[in-house]
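A.B. asks: Assemble the complex: chain A is given as a structure, and chains B, C and D must be docked to it using the hints.
4 protein chains.
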Amino acid sequence: MVKVGIVGGTGYTGVELLRLLAAHEQVEVVAITSRAESGRRVDDLYPNLRGHYDLAFTEPQVAQLAACDVVFFATPHNVAMNLVPELLAAGTRVIDLSADYRLRDARQWSSWYGEPHASPELLAEAVYGLPEVNRAAIAGARLVACPGCYPTAVQLGLIPLLAEGLVDPAHLIASAASGVSGAGRQAKVDNLLSEVADSFKAYGVAGHRHLPEIEQGLADVAGTPVQLTFVPHLLPMIRGIHATLFARLSGEPGDLQALYEQRYAAEPFVDVLPPGMLPQTRTVRGANRCQIAVAIPQQRDTVVVMSTIDNLVKGASGQAVQNMNIMLNLPEDSGLRQVGLLP
Amino acid sequence: MVKVGIVGGTGYTGVELLRLLAAHEQVEVVAITSRAESGRRVDDLYPNLRGHYDLAFTEPQVAQLAACDVVFFATPHNVAMNLVPELLAAGTRVIDLSADYRLRDARQWSSWYGEPHASPELLAEAVYGLPEVNRAAIAGARLVACPGCYPTAVQLGLIPLLAEGLVDPAHLIASAASGVSGAGRQAKVDNLLSEVADSFKAYGVAGHRHLPEIEQGLADVAGTPVQLTFVPHLLPMIRGIHATLFARLSGEPGDLQALYEQRYAAEPFVDVLPPGMLPQTRTVRGANRCQIAVAIPQQRDTVVVMSTIDNLVKGASGQAVQNMNIMLNLPEDSGLRQVGLLP
Amino acid sequence: MVKVGIVGGTGYTGVELLRLLAAHEQVEVVAITSRAESGRRVDDLYPNLRGHYDLAFTEPQVAQLAACDVVFFATPHNVAMNLVPELLAAGTRVIDLSADYRLRDARQWSSWYGEPHASPELLAEAVYGLPEVNRAAIAGARLVACPGCYPTAVQLGLIPLLAEGLVDPAHLIASAASGVSGAGRQAKVDNLLSEVADSFKAYGVAGHRHLPEIEQGLADVAGTPVQLTFVPHLLPMIRGIHATLFARLSGEPGDLQALYEQRYAAEPFVDVLPPGMLPQTRTVRGANRCQIAVAIPQQRDTVVVMSTIDNLVKGASGQAVQNMNIMLNLPEDSGLRQVGLLP
Amino acid sequence: MVKVGIVGGTGYTGVELLRLLAAHEQVEVVAITSRAESGRRVDDLYPNLRGHYDLAFTEPQVAQLAACDVVFFATPHNVAMNLVPELLAAGTRVIDLSADYRLRDARQWSSWYGEPHASPELLAEAVYGLPEVNRAAIAGARLVACPGCYPTAVQLGLIPLLAEGLVDPAHLIASAASGVSGAGRQAKVDNLLSEVADSFKAYGVAGHRHLPEIEQGLADVAGTPVQLTFVPHLLPMIRGIHATLFARLSGEPGDLQALYEQRYAAEPFVDVLPPGMLPQTRTVRGANRCQIAVAIPQQRDTVVVMSTIDNLVKGASGQAVQNMNIMLNLPEDSGLRQVGLLP
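Protein chains in written order, with the numbering used here: chain A, 200 to 542; chain B, 200 to 542; chain C, 200 to 542; chain D, 200 to 542.
Hints are computed from structural coordinates only; laboratory data are not their basis. Please read these numbers as outputs of a predicted model, since none were measured by experiment. We put the beta carbon where it would ideally sit given N, CA and C, even for glycine. Hints may contain errors.
Stretch-level coverage of chain A by chain B, calculated; a stretch enters the list once three of its residues show a Cβ under 8 angstroms from a Cβ in chain B [stated by the list, open to error]:
(1) 209 to 222
(2) 240 to 251
(3) 420 to 427
(4) 483 to 494
If we strip away everything but chain A, and leave its shape as in the complex, we get (with noise of 0.2 angstroms):
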């Protein structure tokens, strides 16, 4: 059995971690780690999790970290890059979901997130964790760098675009929703149901964190710098992101319905819809699956991709455990063969 730990248990992709990882046979979760919660079971914050884990938190320790396969970062940004050293140095195979090794540039990261990074000499080696990209990079490597969950949904949608050049990459606009899961489980006023609930509002209009990774990974596909006007909005719901993505064609686009099947025909978890088709948050809710449909609205030269994912699962934990998988050459859908909850 693979060994696995979680730093940061609490929050919500802490949770479905437990949630996903109840459902794989090849590994044990034997460390979880909360300082606010030290000493409290995981069920009794999570009662849903009641029978499936005899399991309290702890106080993180890098000694009991570093016993594990396999650790995951289910924290804020600024913590897994102070711990990641010692846990690499000790052999330990790092999956962090968070923010601190997804951009390659010290810089540009500070930038974003106001503060120096530390431990800028593992941007390099970190590997970003989108499989449908990066996969035989991701198999062999000792740090991932799980991609947000904005970035899953745009790339995904994106990719068959940039890497055959059919678009305009100086100007692609993303419009895109996320349930309120994506706010974390902090103690916020904006984040009460009585704020947020029955309304709809965009926000980070500004500058959004997820922009300069979006635009990397992009970049990689495209070959040339893409600028990418990114609008995410507040969903009146728990779980989900849907983003509408919008493009100018540089040419003839030939049958992009069959360019996205092609591009995506041996990927296990993203699922090009059928023409007609349109994707919906609620038929990938708890599942690890990206739906997308593309279409170019009264055959004019602006294509229209839609493309949704659990931000909860594909957008994180289900995207951790599909990278950990390919790490320890497990089947990559172990633990990750939940049907999609509907209705």
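C.D. replies: For chains B, C and D alone, coordinates are given in the frame of chain A:
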């Protein structure tokens, strides 16, 4: 592999059966019927099933269904009672999720459902599919009548009290609430999001069809007639039932926490919460589980029990699969190991 | 123009007072206080008020408040009881939306709120602001204690039965449910959308602070002590309270529909629904109104009353304005003519 | 008193007209029609109106309607165009909330609505009821075609840019989202709470009927043809429209904040938010108001405008009342002074 057929597969209990059975290693769904959607692929109607089933809806035909080992009826009342006799005659075992075989008294059935019963001769044979009460009988049954969603939550909540004769059986009260999926997938103005979101109301106060079923089941346990005041309410959400139950203590109750824990100690799908923890519908979302708490507010003479299930799982399709497992001597939790989806 | 001050204006009852008073022709809000938001424009925090007020939050100062004709306290408990004596001494009339003056017994207050009462000498003078019971006393009051939201819904529902001695006063049951705005606008994980959306739970079963207030009020009406089993629940929505009330009939009840209609015939804000119609929280959303229905299911001996209000209007700020109108001899519905927002 | 008739009063724009007109001192609703609900009291269908109207639905009859000063059509398309000629002939003024008279080109109308127009001779006379563009023409109109909900939000958001020629008119993008009430009060599976709650999706990507209306209006303002890529989405909530608009700047934009503020300075129902504040649908809930913000993310060459309205108020019934006030030379905000309901 056990061959399974589903009659009436377009409703929510139908898609939920498919979701659960996708994780069941010993069964194969070979037929799913729908008059309205005949010919349409199942995953076209329910895109969460894409990649999990290669199946289309067919017209219901007795020959095809009779070739199955087990047939589930996920239909409104008045369908099963017409088809079941032929299927039983063909040696197929039947699990009916509808109300057709839940009441033993054909006249009572007719008075609540407004029509004669089409196969009253089977009412005596049909086993009421609440495993926590009837496990042995279910194992040998040809025909199992799955309990309704409210009846499951209410009965599991009150059984320990009535079995021990601790409360006045003539003045039980159930104030229960259900998500809208309990009303099914029919085109009705009353169930539009714009009609029922952001609102709460009681309904069926004058008489709900689940009342006689609950009173029948509780009387069996109590060994005496019971009277229940049953007020269901509609919650502005999709899934979940919560029953708040009130009963007058007849005398010294003793340790009710211990009573409940002992009564359900061997039950894989009933979870008595520790003292001080109250159930929430979200902690059983998507799981085949009933979570229960018991309390005596102010140490007066009224006991309060809170009981919660997912109406589509332990209140319908999950319980149906549990019954199937018992009937076929499979592990009782096959296909039912899903962890609740939280948040 | 009546000069109005509001203490604690950043919470939901504060903004709701402003919404209602914007439509009140005889009053002017001259001061609104908040320590945390001092200096910030009211319409910066609550953009729905843009164009309706030219007002900023200020630090609470007795001198400024004492210059008002009426001061509303829209604060948590433990604020009003410290400031009110000075304001009364200055001749200002006070309407307290908090719990500080609702209980007549200072020791009982202390046992529920865990601290000594700061101005117990005023408890006897404070008038409980339920106009349907105390209109005359309110008219002459210097200090009105506005009822809580649950207490308003429960008392209005049970008063006709208790006033006529038709039910057993020692075994009343209230199964009530509230939208999340009832929990206020504080940064608490428990009230995040991701924690309470799509879910339903009971809370405070062991003892909710609204219980003694309800029992005190009902005992006054009944002329005898009453005992209530009170179970509040949390609804996955913002506004609305629905109370489902159960009582055992002592004898022949007569025509309960007529009883309720007569009891409230002259009440502008209590609406007894016609037979067969059940209240919904959405039909009173935003309106200062209590809608009530009464039924005897199965013609047995338990009466069920359903009572619904908007917790922020008839359950708080609307009732406060109604009290102010009565105190100042203004038309009772000034500022309170809003039609419920449906859908 | 102005005598008002409403055709098709059972839908959401019908009840919303009644809610708003209840607060309008200069009008009296004398007739409200519905074939399906003829004879039923209005407040039996909509209990929020109890005490505000003593009115029942009637069969639509030209004579009764022709006796009104103003008739609102709150109907699906294809109703008004058959009745309006007779009403106009009788001297009654008409405000049509449906799509029948919004497009000036009958052939274009037919191609989008799939049938011939029944009174194409009136298309030239009908005034498009967007007061912010056509106030003078509305004042003298016999027939006003109220804009659709999306068209109102999108046009108000883009008008300042197009009027000044600041952006490329051939590549506008609108990513808009609507609450479910925009789909009306029809019995459709697609709009059940269980189908659309907790989910988000695009729809009508291939072509939405509001597209030609928007392009017609924007072309008028721009003085040149425009092309808009319009993607509507469905929000899991009842009320509210939010449009996120993207346009490519043609050159130096100057001070866009000042441009927007000046363009709408005299408009009572358009509120340009201060810099840094973004609109939310909840802050206009129930109010006849459009709130707008403008930004240029990363100081690149794409401008983003966010525009929000309540689809049933400024997007339908409120705008209709505003048009009526202008037509009848009443204060433009009569009946429209409601403050948004927040939270």
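A.B. asks: Now tell me, hint by hint, if it's right for this structure.
C.D. replies: Verification of the supplied hints:
Closer than 8 angstroms: that is the beta-carbon criterion, and the segment 209 to 222 of chain A has 6 residues meeting it against chain B, so the requirement of 3 holds. Counting residues of the segment 240 to 251 of chain A whose CB falls under 8 angstroms from any CB of chain B gives 8; the rule of at least 3 is met. With 0 residues having a Cβ less than 8 angstroms from any Cβ of chain B, the segment 420 to 427 of chain A misses the three-residue criterion, and the hint is violated. Check on the segment 483 to 494 of chain A: 5 of its residues sit with their Cβ under 8 angstroms from a Cβ of chain B, so the three-residue criterion for coverage holds.
Of the numbered hints listed earlier, the single one contradicted by the structure is hint 3.
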